[in-house]
Amino acid sequence: MTSHSLFSVRGLACARGDRTLFAGLSLQLDAGEAIHVRGPNGLGKTTLLRALCGLSRPLRGDVRWRGERTSDLAEEFAAEVAYVGHLNGVQGELTAAENLERAIRVFARGPDAALGVAAALDRVGLARLAGKPARHLSQGQKRRLALARLLVLRRPLWILDEPFTALDVAAVASLSSLIGEHMAGGGLALIVSHQAFELPGIRDFDLAQFCKVRS
Amino acid sequence: MTFSQFLAMGGFAFYVWSAYGFAAFVVLVNTVQPIIHSRKVWRTLRRDLDRAEEEE
Amino acid sequence: MKGGLLSAMAAVFTRELLVFWRRSTEVMTALVFFVIVTTLFPLAVGPERHELMLMAPGVLWVAALLATTLSLNHLFASDYQDGSLEQLLVSPYPLSALVFAKIAAHWVLTGLPLALLSPLLAVQMALPTKAIGTLVGSLLLGTPILSLIGAVPAALTLGVRGGGVLVSLLVLPLYTPVLIFGAEAVAASAGQGFASVAHLSLLGAFLAVVVSFAPWASSAALRVSLD
Amino acid sequence: MGEFGGFAGVSRLIKFIHKYGAPKRFYRLAGRLVPWFAGVTALLFVVGLYLGLYWAPPDYQQGDAYRIMFVHVPNAWMSMMAYVIMASFAATGYIWNVRLADMLAKATAPLGASFTLTALVTGSLWGKPMWGTWWVWDARLTSELILFFLYVGYMALQASIDDPRRAAHASAILAIVGVVNIPIIHYSVYWWHTLHQPASLTLTSQPKIYITMLIPLIVMSFAFMFFYFTMLLVRVRSEILVREQRTDWVRKLVGSKQ
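Residue numbers (the working numbering), protein chains in the order written: chain W, 28 to 242; chain A, 684 to 739; chain U, 2 to 228; chain D, 2 to 259.
For the record, the hints were derived by calculation from the structure and aren't laboratory data. C-beta atoms are modelled at their ideal positions from N, C-alpha and C, and glycine is treated no differently. Among these hints, one or two may not hold up.
Stated by the list, open to error - Covered stretches of chain U, as calculated for chain W (at least 3 residues, CB under 8 Å):
| id | stretch |
| --- | --- |
| 1 | 7-13 |
| 2 | 19-30 |
| 3 | 82-89 |
| 4 | 162-168 |
Hey, can you work out the whole structure from these sequences and the hints?
Structural data, given as structure tokens:
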């Protein structure tokens, strides 16, 4: 048996409807590493990320975390993954702080939360808006609140789909450093982003190589 | 048992024949409609194929 | 602060109530609908108490059933739009447990108020007072079934065009047993005072079946809808 | 009743699907089977109609009106059996991700709905001479009506979702929930019926079945069953072409038939 890296994918194939998007996809990720998934729109980058975190069912393929299939691990794997998709997952009626408190109580499992609510809000620059209902926040602020969720939950594997959308330049820089710290601390990250960002040590992954023209 | 007696169905002609008629109608529709649909499918597939070949 | 399944479910439950309370207009629509629909019947049929009394169990139950159907969209629709539903699917806790907490919260906000409000409308519909207790009892037992069964079509039609009407088309055939047992229970106790225990126990049995089945089915439906 | 027999029969059907699982092989197999099934269906119908309308003697109580039974009862049975088969196909497609099973479930729905509609119309046509009203809130007709709504709901959900895979799996869950509820609906309607019309003659107490009536009934039942399988294969073949249109074998097939 090849020595399994922490997060390994082999022979993954995904479809949208009856159209196979990509097949035979393999990638390896170890502690402290990050991958930037590249490729033009419509290739299936989002479908790939959703399949990896268990949100969508792949056609076939083998996704392993710590050597075990994620489909068998189910909840154990979910306790180690944090997913930020196109939608922020922020409830408009709740205030910024309440949203994070809810995230902790509903999603925290195992060791205590990495960072307190106030500290997390401060880190993403939302300290002043803690008591404001989320629906009054701007798109960029909501995005930052979604990313603050990454800080309050202790999750080794980050799967981020366009995390920088609607963020200003300063926020992009601070988020990049945040991911850097996460990697330095032994965390892993899979990122899809059309916006430029620098992150030392991040590997590029071109999805197009797995997209045959005709299934 | 003359033919007309047969048709009369002991006075229940209307009910018996409309019941059998409706059942026959449903059988007919369920036979014809899928055949028309499959011809339509063939036409659209051929049209898409021709269009695909033009693009290549 | 170690998170456990129960605290996660409690969190979903309380947050759901909090969110609905701040958007209380949606909660009220189901109740107001219940009142309006019930009030229409005396206008349509005439105020004779004898006639109203005969129809009262059926009218009250159909109105409660339609009010619940109307409010089924509140279960998942807003969480689907803002993405918090997607996060539930990635949570480390069994989805059916979290969905059960959401359905329970939905019941507290629609089914329970309907049951508590029904005596007022029973008086309006000239229902004999001896049957009002059974009415509230049957609604308390029946409306959770409506919320539980309704969660499956509500999940299946997320993001589907014409979803609202489609939910009622999918759910009403499944509601027929609840309607039969519920309305019959009230009619029995309103009539010659038959013991409506049989009807209520059947309702309870049906609730038990549905509690064990519906959370799994609606979480499977959510996974399909968000695939 | 039909449900439990249906489950045993259907599991054999599912093993059959696994053997011919690949849509391509099933497409060719179905193509060969359709003419045979059609022939048997036609033969059974002719024999059945002759036996039912001409050969069987009139009933001493209902006269010739009872002959409607030879159309009503087979359709009622088929409507129930088709739903169980549809739910089994749908469950197979959903749980083991067998695309062919999804297609078979989708192809079954309109046929099942047609059987239910025929059962309803012929039921009321039979009820009119017997009780003078077109619609009798009889237990069987009422649960048949609710079954019709379940079929309409299934088809409506299937039609309102664009992505064929999600449409198949979403309607599969609805069909599974439906098939679990059918016995509950069935018995609650019967229970409701006994509450309101304990004594009156109902459609369920049809005339005592003599051998002369049983034979046409059996023949007509098999006729409608073969009709179902024939049209199922026809429908599923075009469904296969639609859903497999991007595969090479369909392109070759379509290309060759210029």
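The hints, checked one at a time:
no.	hint	verdict
1	7-13	holds (count 5)
2	19-30	holds (count 4)
3	82-89	holds (count 7)
4	162-168	violated (count 0)
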